[in-house]
Amino acid sequence: MAHALEIEGLVKEYRRGQPVLKGINLRIGGSGVTAIIGPSGTGKSTLLRCINRLIDPTQGAIWLNVEGRRTDLSTLRGRALRASRRQIGMVFQEYNLVERLTVMENLLTGRLGYVSAWDAWRRKFPPQDVQNAFALLDTVGLGDFANQRADALSGGQRQRVGIARALMQRPQVLLADEPTSSLDPKTSVEIMSLLREQGRAQGIPVIVNIHDVELARRFADRLVGMSGGQVVYDGDAAGLSDAKLKQIYGGEDWLS
Amino acid sequence: MSGATLSSGRISTPFRASALARGVSGALLVYTVYALSQLNFSWPRFVSGLDRGAHLLARMFPPDMTKGDILWTGMVESMQMAVLASVLGIVISLPLGLLGARNLMPQPVTWLARAVVAACRSLHPVIVAIFFVKAVGFGAMAGILALMVGSIGFIGKLFAEAIEEISPKQVEAVRATGASFANVILFGVAPQVLSRFVGFATYQLDSNLRNSTMVGIVGAGGIGGALFSAFQRFDYGFVCTILATIVLIIVLGELLTNQLKKVFHV
Amino acid sequence: MSEAVLSSLPRLAPTQQRIWQRFTPLQRMLRLMVWMAIVAAIVQSARHVEIIPEFLYDAPEQMGDLLSRMWPPDATHYPQTVHAALMETLHIASLGTLLSLVFAVPLGLLVATNLTRNRLVNLVARILLVSSRSVNSLVWALLFLAVFGPGPLAGTLAIGFRSIGFVGKLLGEAIEQAPRGPIEALEAAGAGWFARIGYGYWPQVKPAFWSIVLLRWDINVRESAVLGLVGAGGIGMVLDTAMNLFQWDRVATVLLAVFAVVVVAEVVVTQVRKRVL
Chain A
1 MAHALEIEGL
11 VKEYRRGQPV
21 LKGINLRIGG
31 SGVTAIIGPS
41 GTGKSTLLRC
51 INRLIDPTQG
61 AIWLNVEGRR
71 TDLSTLRGRA
81 LRASRRQIGM
91 VFQEYNLVER
101 LTVMENLLTG
111 RLGYVSAWDA
121 WRRKFPPQDV
131 QNAFALLDTV
141 GLGDFANQRA
151 DALSGGQRQR
161 VGIARALMQR
171 PQVLLADEPT
181 SSLDPKTSVE
191 IMSLLREQGR
201 AQGIPVIVNI
211 HDVELARRFA
221 DRLVGMSGGQ
231 VVYDGDAAGL
241 SDAKLKQIYG
251 GEDWLS
Chain B
1 MSGATLSSGR
11 ISTPFRASAL
21 ARGVSGALLV
31 YTVYALSQLN
41 FSWPRFVSGL
51 DRGAHLLARM
61 FPPDMTKGDI
71 LWTGMVESMQ
81 MAVLASVLGI
91 VISLPLGLLG
101 ARNLMPQPVT
111 WLARAVVAAC
121 RSLHPVIVAI
131 FFVKAVGFGA
141 MAGILALMVG
151 SIGFIGKLFA
161 EAIEEISPKQ
171 VEAVRATGAS
181 FANVILFGVA
191 PQVLSRFVGF
201 ATYQLDSNLR
211 NSTMVGIVGA
221 GGIGGALFSA
231 FQRFDYGFVC
241 TILATIVLII
251 VLGELLTNQL
261 KKVFHV
Chain C
1 MSEAVLSSLP
11 RLAPTQQRIW
21 QRFTPLQRML
31 RLMVWMAIVA
41 AIVQSARHVE
51 IIPEFLYDAP
61 EQMGDLLSRM
71 WPPDATHYPQ
81 TVHAALMETL
91 HIASLGTLLS
101 LVFAVPLGLL
111 VATNLTRNRL
121 VNLVARILLV
131 SSRSVNSLVW
141 ALLFLAVFGP
151 GPLAGTLAIG
161 FRSIGFVGKL
171 LGEAIEQAPR
181 GPIEALEAAG
191 AGWFARIGYG
201 YWPQVKPAFW
211 SIVLLRWDIN
221 VRESAVLGLV
231 GAGGIGMVLD
241 TAMNLFQWDR
251 VATVLLAVFA
261 VVVVAEVVVT
271 QVRKRVL
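Protein chains in written order, with this note's numbering: chain A, 1 to 256; chain B, 1 to 266; chain C, 1 to 277.
Some clues are possibly wrong.
Unchecked claim - No farther apart than 30 Å at their CA atoms in a straight line, the calculated lysine-lysine pairs in the BS3-like style are these:
(1) K206(C) x K274(C)
(2) K169(B) x K22(A)
(3) K157(B) x K206(C)
To be verified - Some but not every residue of chain C turned toward chain A, in silico, with C-beta under 7 Å:
(4) R18
(5) W20
(6) R22
Just so you know, these hints were derived from the structure itself, not from any lab.
All residues carry an ideal CB built from backbone N, CA and C; glycine is no exception.
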């Protein structure tokens, strides 16, 4: 079976001759959590944002396999790009909720790729979407918060809404860009646990950028270590030795 | 014990105005004197003016209540002009402001939109009214068009600036769901700027109400015409009535728009 | 795969479905009423406004005729008359703004509810400020013309009195938004009313204050230009003369000069804001 996401030779240069991503090759499928670890500036966020084209790659191909159809995301534009973006859900480091809208409206934002502007303005979403939204809110533990404004929520609660919003798209792949960096340790564990559980429940792969190696080891089925814009480790938690970590992050003091 | 012994004999005050502040104050003072001389200010003239002013106030009271119908038609026309000018201005400023937002639109488009808005702002409504009177004749139509141009200049500029100040992260998240451009605007941009937009729109409505009295002086409709002719006839009793009515209507207008803002949740 | 999982969620019968509404019924009623009132106001206004179609149709022709008479602008007119009048206009604007501060600052202090606790004083101050704002500078000019006769004195006072309301209101709002912390500290140390203003409110409000004053000066430059149309001095008088004599090329010169001054004023204001505020 083809993998849900296949990245081939991905290169990204923000400035000529200074590539941030130097040829990434990855195949991601199944329904587990893949954690991408590495120091800041090594291109983890760039990699994720190239997948859903929030950033445009300079070179390379990103294949998305949906229902037997294979599309190269890097070449899409306009309506086709938006149609493919619907298949990819994203969770952000700073939650990126629309603060002045309610929780329910934020969830329904996930369905904006499917409704017309006229319906969106009048907030006329298909009733099944609304029911799914309520069900998802219950799943993430925020059943009573549907009509609260998003800026009234705590960090952990906002991230749950962010995850629910991404899941509302019924995506084939779930991306998470440092979802726990703005959260306290206990909430971080809850969020990672939620991501893993929902990935398994929906049967989709979850790709998480994370800089907390312990969290990555605990929750990820597969670890991808990046350094200097390239993949230097691709395997499970057991194989991630201290030597490998030193190669990825450099320096020793933080390891003890 | 005093501060003097602590700091080797010199006492400094912590709140001494900086050299810049003192320089500016001095410059302003000098300027005032200079400008007064340029304008041929003469004290005797001022004093005799005060005397005439007292007479004027005496003639304004009691206010003339007899010309109710002129007052009524004039005020109603002013209010209608303000409403139509504001509505037209808002309707045009919405897309124009959107086009002028540099974080949403490409450069040539924003440059053009901003140029149009700047042109609308640059001329005073009275001058614009004079031109419209020449173009479409005396009456409310000229006034409405003139006030509409002024509204576009105000709302369009502030609206574009408000859009440029929004958080790009919220917009990014909405784009990531595959939403169309219109939906991104509706769910990503609009919630962030709506309250400020309503604020600008209501302010402009009040402002147009005030300015509608002014364009009447050059013949563009509204109570301004009656006011100007009252001045020319030295009918100060009626002037007082008109002014009092204007102030009253504007205060009511402000109260009304405050309630409007509350209903729209801003 | 995810479709299969989501569709396996229990499909609730319509009566059991949870309903989501963005606004409560009361809010919806209010919003509907407001929309209807707005539409009624628009329709009512549109019906009564006299639109004479003939005038609208030949409007472009009239404008074209006017513009052709205005071009080329009369350049010789500038040094003779326009320049002096332009300077006079600037003086009217600047003096008027400075004059307004004399009344605007005390009224602004009195209208701020956190600074002046006496509700009656607040109300009186607000009424004065609103009255000052509600009357156009042009109408103030008419009043002062009746008192002081034609000339820039009437214009300066008109600008000044109009600006009191603007500066006073915004100053009051800026004071009300000042954070309480430093003020409380001063109160705790036993500072009196004036001390609190001078050391507590003034430093915090200073940037906003100068920003407001600059903004008002910018607006006043524009307003001063038209006061002359009713005889209150400045470039408006030159404009009025030229229009009455149908010397459209001179009108063009005046308008261009006004435009140039307004642009320069805006640039000055932007630069000052960038560097100092």
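Violated constraints from the hint list, given by number and in increasing order: none
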